[in-house]
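Asker: Same order as they appear, the protein sequences are chains A and B.
The opening residue of the first sequence carries number 1 in the working numbering; numbering runs sequentially from there.
The opening residue of the second sequence carries number 1001 in the working numbering; numbering runs sequentially from there.
Simulated from the structure, these hints should not be mistaken for laboratory data.
You may find that some hints are simply not true.
[Said to hold, decoys possible] Distance condition first, Cα-Cα at most 30 Å in a straight line; then the derived BS3-like pairs of lysine-lysine: (1) Lys1019/B with Lys1369/B; (2) Lys276/A with Lys1385/B; (3) Lys17/A with Lys1385/B; (4) Lys18/A with Lys1376/B; (5) Lys222/A with Lys1415/B; (6) Lys1424/B with Lys196/A; (7) Lys1019/B with Lys18/A; (8) Lys127/A with Lys1270/B; (9) Lys1376/B with Lys196/A; (10) Lys1369/B with Lys18/A; (11) Lys276/A with Lys1415/B; (12) Lys1218/B with Lys1424/B; (13) Lys196/A with Lys1369/B; (14) Lys1270/B with Lys196/A; (15) Lys127/A with Lys1218/B; (16) Lys1068/B with Lys222/A; (17) Lys1369/B with Lys17/A; (18) Lys1009/B with Lys222/A; (19) Lys17/A with Lys1019/B; (20) Lys1376/B with Lys17/A; (21) Lys1376/B with Lys276/A.
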Amino acid sequence: MAKTKRIIVAEQAFSWKKFFVQWEWFLLLIFIAINVMNSFTSEYYLSTSGLLTATSSFLEKAFVALPMAYILVMGDIDISVGSTVALSSVLMAVSYNNLGLPMGLALIVCLLVGALCGFINGIILTKFPELAPMIVTLGTSILYRGIAVMILEDQASGSFPMWFSNIYWGKIGGVVPYMLVFFIICAVAFGVVLHKTTFGRRLFAIGSNSLASKYAGIPVQKIRLIVFTLTGLFAAVTAVFLTARMGSTRPNIGEGYELEAISMIVLGGISTDGGKGRFIGAIISIFTIGFLRYGLGLINFPSQAMMIVIGGLLIIAVMAPNLNFKKIFGKKAAKAA
Amino acid sequence: MYEYVLELKGITKIFPGVKALDQVHFQLKPGEIHALMGENGAGKSTFIKVITGVHKAEEGEMFLDGAKVDFKGPKDAQAAGIAAIYQHVTAYPHLTVTENIFMGHEKVKGGRIQWKDMHEEANALLRELNADFTATEEMGALSVAQQQMVEIAKALSMKARIIIMDEPTAALTKSESEELYRITEKLRDEGAAIIFISHRFEDMYRLATKVTVFRDSKYIGSYDVNGITNENLITAMVGREINDLFPKPVVKLGEEVLKIEDLSRTGYFKNVSFSVRKGEILGLTGLVGAGRTEVCETIFGIEKKSGGRIVLNGQEVAIDNPQDAMKLGIGYLPEDRQHQGLILDWGIGRNITLPVISQLSRHGWLDDKRERRFAKELAERVDTKAVTLFDLASSLSGGNQQKVVVAKLLASDLKVIILDEPTKGVDVGAKASIYEIMGELAKQGYAIIMVSSEMPEILGMSDRIVVMCDGRVTGELSRDEATQEMILVKAMAKSHQKSEE
Chain A
1 MAKTKRIIVA EQAFSWKKFF VQWEWFLLLI FIAINVMNSF TSEYYLSTSG
51 LLTATSSFLE KAFVALPMAY ILVMGDIDIS VGSTVALSSV LMAVSYNNLG
101 LPMGLALIVC LLVGALCGFI NGIILTKFPE LAPMIVTLGT SILYRGIAVM
151 ILEDQASGSF PMWFSNIYWG KIGGVVPYML VFFIICAVAF GVVLHKTTFG
201 RRLFAIGSNS LASKYAGIPV QKIRLIVFTL TGLFAAVTAV FLTARMGSTR
251 PNIGEGYELE AISMIVLGGI STDGGKGRFI GAIISIFTIG FLRYGLGLIN
301 FPSQAMMIVI GGLLIIAVMA PNLNFKKIFG KKAAKAA
Chain B
1001 MYEYVLELKG ITKIFPGVKA LDQVHFQLKP GEIHALMGEN GAGKSTFIKV
1051 ITGVHKAEEG EMFLDGAKVD FKGPKDAQAA GIAAIYQHVT AYPHLTVTEN
1101 IFMGHEKVKG GRIQWKDMHE EANALLRELN ADFTATEEMG ALSVAQQQMV
1151 EIAKALSMKA RIIIMDEPTA ALTKSESEEL YRITEKLRDE GAAIIFISHR
1201 FEDMYRLATK VTVFRDSKYI GSYDVNGITN ENLITAMVGR EINDLFPKPV
1251 VKLGEEVLKI EDLSRTGYFK NVSFSVRKGE ILGLTGLVGA GRTEVCETIF
1301 GIEKKSGGRI VLNGQEVAID NPQDAMKLGI GYLPEDRQHQ GLILDWGIGR
1351 NITLPVISQL SRHGWLDDKR ERRFAKELAE RVDTKAVTLF DLASSLSGGN
1401 QQKVVVAKLL ASDLKVIILD EPTKGVDVGA KASIYEIMGE LAKQGYAIIM
1451 VSSEMPEILG MSDRIVVMCD GRVTGELSRD EATQEMILVK AMAKSHQKSE
1501 E
C-alpha cells in the first residue's frame, strides 16, 4: 500500500483575531469603565489609599472565589461555602470565648472546621458520584448553617485580641493591607497551578469529560475530594478575615457568599459546564464586581438595585459565548468577514 | 407507473468550506432494497438529509414518481411519504411507545388526543412487525433493536413509501439483525422502496438487489449486488485496492504475560479464565451482552472483581482502579470512543498526552515543548488525518478519532493492550490501518486482547479465539481450527448448557 506519511503541525499559529476575540478584553473594558465612573463620584478614589480602601471592601469574600474557580472548571458546584464561613467563624469564636483556647489555636480550629466541611461535601460526592453536587451542597449548606445557629443562637460573639483584628486591618508600612498581599500570593498560586501544572490540566480534563478522564487513569474522585476540601479551607480563610474585620461573629454571617463567589467566577468566563475558562478572567471579574459594588455604594445606590446590575452582567457573561454576532450585526458583517 | 419512485440528479450540497455532495445521482425503483455504501465522510448522511428535506441542495433536481419536487423542510418530505430511521434512535425515552410512534401526528378529535385509537393502532403495527412488547411500554426500557422497531412502526403509521435506514444493524446482535432483515423484506414485499445504509457487507448481500457507492462526496457508481465481490466494492469505496484487509503478521509468540483465573463479578460474569502471550492477539468474542466488555473493564480496574485472580508475568496483582492497571502496563481502549475515549472539544495533542501528562511534566509542571514533541510523534505514527495537534477531536471522522485513541493508548508504557471493539463504526480504509497498527504492535511484543463482535475481524486478526456466552467462557479455538460456524455455536451455547445443568 503506497502511503505518504502525513506531517502534523505541532506549533500553534498566532492569530491577532483570536487574540482580540477573548472575553477577558471585554471584562477589562468594563473594569476600566467602572474605575472611570468611580473616579468621577469620588475625587479620592484614584489615589493609592482610595484604591486600597476600595479593594479592602470586598477582598475577604474573594478568597473563597479562588477555589470556586477550580470547582466550576471541574464541572461541579458548591453552594455551601457561605454556611461554611459562618460555621467556621462561629466555632472559632466559641473556642476562644467559651472554651478558653488561645486565639492562635482558635484560628486553627476555624481553618480545620472549614476544611472538614469541604471534606464532608467531597466525601459524600465522591462516594456517591451520581448525586448532584448542587443538591448535596444545598443540603450541607442548611446543615452547617443550622449547627452555627444552634451553637450561638441569636447572639454575637466577639472581643478578640488586637492582633487578630490586625489580620484584616493591619497594613505593611501603614499602606498595603496584609490581606491584599496574602490575596495576591494566593491568586497567583491558584492561577499558576490551574494553567501550568498537571493538576490543573486534570481539572480541565475532568470538567470536559470525567468519564474519559477516568479511562485515561486520572483519579477523578480523589481530585474532586481534594478540591472540595480546599474550598472549605478557603471558606474558613474568608471567615478569618471577615471576623477580624467585624470584630465579632454571628451565625448569619457569610449569607449569600456562595452566589457571590459563583457570580465572580462565571463572569470571569469560567463556565458552570466545566472545562472552560482562564483564571485571569476570574481575577479581573473579582475586582470588577468588587469595585462596582464599592462605587455604587459611594453614590448611595440602593443595594437592591445593585443586585439588578450584577445580575444583568452575569446574564450577559453566560450568554456571550452563545451570541451569534452574524445574526445581530446583519449579513453585511458576515459577508465582510 | 414510473420506472423510479425516487430519482436524484446532479445533487450538490455545499457547507462553508466543504463540498459535502458533488453532482450525486441516485435512482430508486419501487419495491427495491437499495444499499448505499461509502466510507465515513463520503456524504451518505448529507445525502439522506437532502432526501428528507433537512438540508436543501444548492444544485440538482429530485423527482418523486417522475414529478419534480422541492422540499422546503422535513414536513414536506414526510407528507410525500419519506421516512428515515437513524442509527442512534432519536426518541423520547420517557414517553410510551405510542407517544413515540405518533409524535408530531397525534390523532386528535375536537382538540382531544384519542389515546385509545392511538394505542390500538400502535399495537396493530407492532403485531404486524412481530414485536414482543406492547404500545404502553416506556421507550427507554426497550432494547436498541426494539426501539428501532418503534421507529419502523412510526414510519408505517405515517404511510411511508420510501424508507431510509441509516446503519440500523450497527448496534444489533446477530439474531436481532436477522429479525430486522425479515422486517425489511416484509416492508419491501408490501411495496415500500428502501434505502439501506450499512458498513456491513453481509447486510448488503442479504438484502439488497442494487448498491450505490459514494466516495469523497462523489457518486462512484451503482451496481447489481448479484455478481459483485467484496474486492470490487472496497476498491470502489476506498479508491484504491486493499489487497489484504487483515495484515496479520506471523509473530513468534513469547512467554505468557497476562493470565486471568476464575475471574468473577457477581451478576456479570463467572469463573472466566484465559491467558495471553507476548506478541499474541487474543480475540475475545461472543454475542452482545456476553460479558466481554465487563471482563475487560474489570481487568483494567474500572469495576471491582468479586473473585478470581489476575496474574501478570507470573505474579498475582491487585488492580483497584485504572491507575493501578496502567502502572502495571495494562492499557484499555474503551468501546465508546466519543464518551470514554476522547475529550471531544480538546485538540488531539492534549488528548494523546492526557494519560501520561505526569511523565511529560517536570515535577508536576507542564512542559509544553516536550508534550507537543511527544504528541506529534504519536499522531504521526498512527497516521491520523489531522493537520495540527490543535485540531479538535470532534472535527475528525470516526476512523481518525479512533486512531487518536490508539495513539493515546500507545503513549503509556504498556505490555498488555485491551482493544474493545476497535473498529466499531469505522470505515473500511481506517479499519485497514487500525489492523495494520495492531499487527505492528504484536510484532513489537505487546500482548493484545481484542474484543470484537465482527466475525471477519476475529477470524482474520486473532492467533487464538476465546468465546463467551452469558458471562462464561464457552470455548477456546486456535486460529487454524476456528470457523464462523464453530464460533457461533459456542457463542450461543447458552440454552444448550442450561439444559445440561
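Asker: Could you run down the list of hints and mark each one as holding or not?
Answerer: Results for each hint:
1. Lys1019/B with Lys1369/B: With Cα atoms ~36 Å apart, Lys1019/B and Lys1369/B exceed 30 Å; violated.
2. Lys276/A with Lys1385/B: Satisfied, since the Cα-Cα distance of roughly 26 Å is no more than 30 Å.
3. Lys17/A with Lys1385/B: Holds, at about 26 Å.
4. Lys18/A with Lys1376/B: holds (23 Å)
5. Lys222/A with Lys1415/B: holds (26 Å)
6. Lys1424/B with Lys196/A: violated (36 Å)
7. Lys1019/B with Lys18/A: With Cα atoms ~26 Å apart, Lys1019/B and Lys18/A stay inside 30 Å; holds.
8. Lys127/A with Lys1270/B: holds (27 Å)
9. Lys1376/B with Lys196/A: holds (20 Å)
10. Lys1369/B with Lys18/A: Holds, because 22 Å separates the two Cα atoms, which is no more than 30 Å.
11. Lys276/A with Lys1415/B: violated (35 Å)
12. Lys1218/B with Lys1424/B: Cα-Cα ~24 Å, so holds.
13. Lys196/A with Lys1369/B: holds (13 Å)
14. Lys1270/B with Lys196/A: With Cα atoms ~46 Å apart, Lys1270/B and Lys196/A exceed 30 Å; violated.
15. Lys127/A with Lys1218/B: Given that 30 Å is the threshold and the Cα spacing comes to 53 Å, the pair is violated.
16. Lys1068/B with Lys222/A: violated (63 Å)
17. Lys1369/B with Lys17/A: Given pair Lys1369/B, Lys17/A holds - Cα atoms ~24 Å apart, limit 30 Å.
18. Lys1009/B with Lys222/A: Roughly 59 Å between the alpha carbons, so the hint for Lys1009/B and Lys222/A is violated.
19. Lys17/A with Lys1019/B: holds (26 Å)
20. Lys1376/B with Lys17/A: holds (26 Å)
21. Lys1376/B with Lys276/A: holds (24 Å)
Consistency note: the structure conflicts with the earlier hints numbered 1, 6, 11, 14, 15, 16, 18.
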